[in-house]
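Visitor: Note that the sequence shown ends on residue 277 in full-length UniProt numbering; no numbers are left out.
Take these hints with a grain of salt, some might be off.
[To be verified] Derived DSS-like pairs (lysine-lysine); straight-line CA-CA distance at most 27 Å:
1) LYS190 <-> LYS63
2) LYS224 <-> LYS111
3) LYS194 <-> LYS224
4) LYS55 <-> LYS224
5) LYS66 <-> LYS55
6) LYS111 <-> LYS66
7) LYS55 <-> LYS194
8) LYS190 <-> LYS66
9) LYS190 <-> LYS205
10) LYS111 <-> LYS190
11) LYS111 <-> LYS194
12) LYS205 <-> LYS111
13) LYS194 <-> LYS205
14) LYS55 <-> LYS190
Hints are computed from structural coordinates only; laboratory data are not their basis. Fair warning: this is a prediction, and the values are worked out from it, not measured in the lab.
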Amino acid sequence: MLSEFWTVKEPHFIAINVYDRYAKGGDPFGHDWVPAECDVSIRPGWFWHASELPKSAQTILDKYYKSVGRNCLLLLNVPPNSSGLISNEDIQVLQEFTELRASIFSQNLAKNALISASSTRQGINDSQFDSRNVLEEGMYSYWASEENQSDWMLYLEFQDPVTFNVLHVQEPIQMGQRVVEFHLDSLNEKGQWKEVTNGTTVGHKRLLRFPTVVSNQLRFVIVKSRADPLISYLAIHMDLVSTLNVSHTSNSSSYFNRSQVLQQITRNHSQIVSMSS
């Protein structure tokens with residue numbers, strides 16, 4: 001599986017069944033903005049069949065992580081049935097997916113963190129490039145380091161330990177795609193930084209999942225960048241959906257019962273809160 005996802009490419013290197021890896025991974029030295037498109041159907045195939053069931057909301061969520069969460073576009077095919085309408089079971093999956101996604105990403109658990117940076121362009125008194133900009137989602141406000149630096153870091157400190165298992169990073173892509181490599185660290189009880197997760201490119205959006213972490217101090221480190229890096233959004237989330245141990249048999253429905261899933265989310269959240277308190 002590719003680890004780099006550059007939106008920039010050189011179109012003359014792209015042809016059907018030629019340079020497949022190049023077409024998928026992009027080119028950090030490319031000149032044209034060519035976002036990747038990930039086409040997938042909510043059904044087993046591209047068309048509706050009465051004998052088939054849609055994919056589960058959890059499966060669609062996984063596709064979301066692996067497409068939108070890797071700087072790509074998710075094109076979800078939802079075929080009409082024999083009456084020319086979208087089937088009720090497909091609508092239910094879409095509604096459940098919307099609720100599951102909102103349960104994870106609607107809240108940035110880092111929003112109230114005390115944040116600082118290794119440097120800030122034009123100094124810490126210039127709100128245009130302030131590190132606090134990354135805690136609010138939006139393309140047109142961002143953190144920028146001083147120019148020509150070799151260290152690019154953001155530090156987050158929490159009053160109380162925070163529990164999370166997803167990192168969410170975005171670049172202001174109207175300024176280009178810059179980040180080449182990064183990692184997130186947590187400060188342990190011995191005062192040592194321990195890596196939580198790492199990645200390569202960011203682009204419009206990068207989502208990384210990992211085992212649950214409880215910490216009150218984090219460090220986001222950009223290791224390599226094509227130019228002075230810019231970060232428009234930095235968030236952490238708790239995904240209680242992807243860890244659900246739900247099994248399906250060939251005779252069972254392939255989609256979740258919405259109330260059952262949300263009840264499970266509430267129970268899991270209560271357990272985590274009690275464990276970290």
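Visitor: Now, for every hint given, state plainly whether the structure supports it.
Guide: Outcome of the hint check:
no.	hint	verdict
1	LYS190 <-> LYS63	38 Å, violated
2	LYS224 <-> LYS111	26 Å, holds
3	LYS194 <-> LYS224	19 Å, holds
4	LYS55 <-> LYS224	38 Å, violated
5	LYS66 <-> LYS55	15 Å, holds
6	LYS111 <-> LYS66	25 Å, holds
7	LYS55 <-> LYS194	37 Å, violated
8	LYS190 <-> LYS66	35 Å, violated
9	LYS190 <-> LYS205	33 Å, violated
10	LYS111 <-> LYS190	26 Å, holds
11	LYS111 <-> LYS194	22 Å, holds
12	LYS205 <-> LYS111	18 Å, holds
13	LYS194 <-> LYS205	24 Å, holds
14	LYS55 <-> LYS190	45 Å, violated
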